[in-house]
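A.B. asks: Below, each chain spelled out in residue letters.
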Amino acid sequence: MKQKLKSYNSQTYLAYALIAPAALYIVLIVAWPLLETIRLSFTNSSLAGEDYVGFENYQKMLSSKKFNGIVTRTFVWMFFSVSLKLIIGLIGAVLLNANLKGRSIFRVLVMPPWVVPIAIGMLGWLWLYNGYFGIIAGVGMRTGILDGPFGFLAYKQSAFISTIIADVWVGTPMVTVFFLAAMQGVPRDLYEAAYCDGASRWDRFFKITLPQITPVIITMSLLSAIWTFNSFEIIWILTEGGPRGATTTLIIDTYKQALGNYKFGRGAARAVVVMILLTLFAGFYLALLARINKKISHE
Amino acid sequence: MTFILLPFVEMFYASLRPLDHLFRSPYQFYSDDLSFWAYREMWNTVPMLPRYIFNSFFLASVTSIVTLLFVIPAAYSYARFRFPFKNSSLYILLAINMFSGAVLLIPLYKVLRTFGLLNTYQAMIVPGVAFLIPTAIWLLKSYFEKIPIDLEEAAFVDGASRVQILRHIIAPLSTPGLVVVGIYAFIGSYAQQFLFAITFNQKKEYMPIPSGLYEFIGYTTVKWNEMMAASLVGIAPVLIIFLFLQKYIVAGLTSGAVKN
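If you read the protein sequences in the order shown, they are chains A and B.
For the first sequence, the working numbering assigns the number 1 to the initial residue and increments by one for each residue that follows.
For the second sequence, the working numbering assigns the number 1001 to the initial residue and increments by one for each residue that follows.
None of these hints come from the bench; they were simulated from the model.
A portion of the hints provided could be inaccurate.
[Said to hold, decoys possible] Here are the computed lysine-lysine pairs in the DSSO-like style, where the Cα-Cα straight-line distance is at most 30 Å:
(1) A:Lys66 with A:Lys207
(2) A:Lys207 with A:Lys294
(3) B:Lys1247 with A:Lys294
(4) A:Lys263 with B:Lys1204
(5) A:Lys256 with A:Lys66
(6) A:Lys65 with A:Lys156
(7) A:Lys263 with B:Lys1203
(8) A:Lys65 with A:Lys207
(9) B:Lys1204 with B:Lys1223
(10) A:Lys263 with A:Lys156
(11) B:Lys1204 with B:Lys1110
(12) A:Lys256 with B:Lys1247
(13) B:Lys1203 with B:Lys1146
(14) A:Lys60 with A:Lys256
(15) A:Lys156 with B:Lys1223
(16) B:Lys1203 with B:Lys1110
(17) A:Lys294 with B:Lys1146
(18) A:Lys65 with A:Lys256
(19) A:Lys263 with B:Lys1223
(20) B:Lys1203 with A:Lys256
(21) B:Lys1223 with B:Lys1203
(22) B:Lys1086 with A:Lys294
(23) B:Lys1110 with A:Lys66
(24) A:Lys256 with A:Lys156
(25) B:Lys1086 with A:Lys256
(26) A:Lys256 with B:Lys1223
(27) A:Lys101 with A:Lys207
(28) A:Lys60 with B:Lys1110
(29) B:Lys1247 with A:Lys101
(30) A:Lys207 with A:Lys60
Everything numeric in this text was worked out from a predicted model, so none of it was measured.
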């Protein structure tokens, strides 16, 4: 009987056969295009055809001031967006974790921006940001903060900030939900012991909750950084990277080069830069995850 | 909270107000003649709206069914068997999640063009499925793992064939998991209908709601009340599905990503 069971559980070929369709699909639609992108980045490929041009795309790209500006801008944009998401997410999770009335309803109500198609949510934001008729400009004018209509998406700085705010709106719910899940996983008796020892609310938060959920905070900051870095629809719908490039991040620039101008080669070179950065992020994330898992299994 | 809900409230409010009230500056907080007029009128302003809605549903359904077809055997295999490269391939799947579709657009565009698939439903389904597979495998794997292997082994020892085991033990026990993963895929593909849609499809008759509405922003004076009404109609289905099933979906997603 043991023998028979063993044969049931160790059929490697069957295991592979079951995975094969999904694996093949991923190879065809994800892995192969990744390699093809790398190849294209060394060509001047366009709709007309392609020739091998060596490192020309890279040289041009890296020596252009504009591109360097875009990289810096991407990281500044990311930094503000991710920090805001984490801070608001943490505060939100604490509030949702507290014993307040109606918290189960609030827990559901924080989630819509996450589920709703981003593109449609952004149509709403376009209206909110409308300089003449939108509610934000309206409140500004009524309270006298603004002395006239103000197109939030029409000026460099305000467009930059506006896209960050919209991105935070989309990204915060998920961060909140993950933090909340982590907080609920903190063992109760830790709090009870601390309570008996007379620890204050702040102490309990900073000495128990925060250290306990640190792994999740770190993972979420990385994940959120990756998603923010990849954020395309938000900026595209609100500003298409404008005005005058003020909200053009790497992803937007890649898209514009490749499919706005059909300069596949140049676009591919940018995509490769994106890929390298993402691989770094992903590497960090996976290494971290592996460490956390090891720690858990040791405990 | 206000920050999160304000856009929705304002979208709804705007959709109820007549256009000349909206187009007043500074912003009027009060309107005395709210009506659902925009919800009737939008079908005339956006003549293809029913088609967009159909497309969105059609694309999301096909995408999630295809995803499930690929994911079920793979997830079962990950949950049940030990084999070389199991963990590393699972991590690779996680890594794929981190690549934005934007990086792959160029080769995909060229391939779709070569096969004459630009401006078809397939152009949006094929890449869509690829980006849903990784998370779906992780999710479903954790559901399969909850089914005790003893059940299967007992049946096997009693002489049941693998197919019988699948049909009589695995299938009924994993139905809730399949439903959750299917819904995850549906919401996921409903939400992802923008990037691939604006890139690979220019034909109005195949556009899903997001790209269809986005088109309207560019070249006409936007009738914002109708635009907001149409957006809310586009949001409603996913929101309703989500509200009913949020417990399961959130539990599944967070357990997959946080605890592994």
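A.B. asks: Just pull the numbers of the violated hints for me, sorted ascending.
C.D. replies: Hints 1, 8, 12, 13, 19, 25, 30 not satisfied by this model.
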